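Using the sequences and the accompanying hints, generate a full structural model.
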Amino acid sequence: RKEVEQDPGPFNVPEGATVAFNCTYSNSASQSFFWYRQDCRKEPKLLMSVYSSGNEDGRFTAQLNRASQYISLLIRDSKLSDSATYLCAVWPRGTSYGKLTFGQGTILTVHP
Amino acid sequence: DTAVSQTPKYLVTQMGNDKSIKCEQNLGHDTMYWYKQDSKKFLKIMFSYNNKELIINETVPNRFSPKSPDKAHLNLHINSLELGDSAVYFCASSQELAGGSDTGELFFGEGSRLTVL
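First to last, the protein sequences are chains A and B. Each residue of the first sequence is one higher than the one before, starting from 1 at the first, in my numbering. Each residue of the second sequence is one higher than the one before, starting from 1001 at the first, in my numbering.
Heads up, none of these hints are tricks.
From chain A, some residues computed to sit far from chain B (all C-beta separations above 10 Å):
1) Ala20
2) Ser53
3) Leu80
4) His111
If you want a taste of the chain A side facing chain B, the calculated C-beta under 10 Å gives, among others:
5) Gln38
6) Glu43
7) Ser49
8) Ala89
9) Phe102
10) Ile107
A few chain B residues that don't get close to chain A, going by computed Cβ distances all over 12 Å:
11) Asn1017
12) Asp1018
13) Asn1026
14) Arg1063
15) Ser1068
16) Asp1070
17) His1073
18) Asn1075
19) Asn1079
20) Ser1080
21) Glu1082
22) Ser1086
It should be emphasised that the hints constitute simulated quantities derived from the structure, not laboratory data. All figures in this text were calculated on a predicted structure; none of them were measured in a lab. The C-beta atom is built at its ideal place from N, Cα and C for all residues, glycine as well.
Written out as structure tokens, the structure is:
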């Protein structure tokens, strides 16, 4: 089983739609969780951290379910500019010298 | 100013050759990484250095040799290139917090696209 798994998609949605991605992780000792965004032929960039209580940043909501070992990202009112690959990432432990492990990414295309 | 810069951005070379990719960060971060992203877009860690010291080596063939002359630089040298080495190689850095934990936010360079023919 991969350490971090995502549905690769692609997800094709119209503008204005709500779309949700899930990501599962295998290491129950994982401490920190993130969503990164990667545009085509660009580097990944941090979109948002994921906190235990869930957190929201504008149209984006991230949630963590430790019992089931998954994190989710919800995008409301999708924009054309949201088209990208969304990578979930897991920090395996809370101390230093951990490694950020990425899922394979979920491709989102928002069309007019 | 570019925070994490890699050179070259594109590399096309023949099998069996040796090549290097350079990386520099001006963020003052303590930790630097090399990640490989293959054709299926899977981003996998290769190496991690903290203050010039190797801390993670993820079962990478010993044809790959990282070198960190100082904490702002992490270079990657690849010997005897193989077809399977074709990928995008990303350098990244992150900041260690007081107490030893890490923020978990990685700042990536733009990537170096390596094509082995």
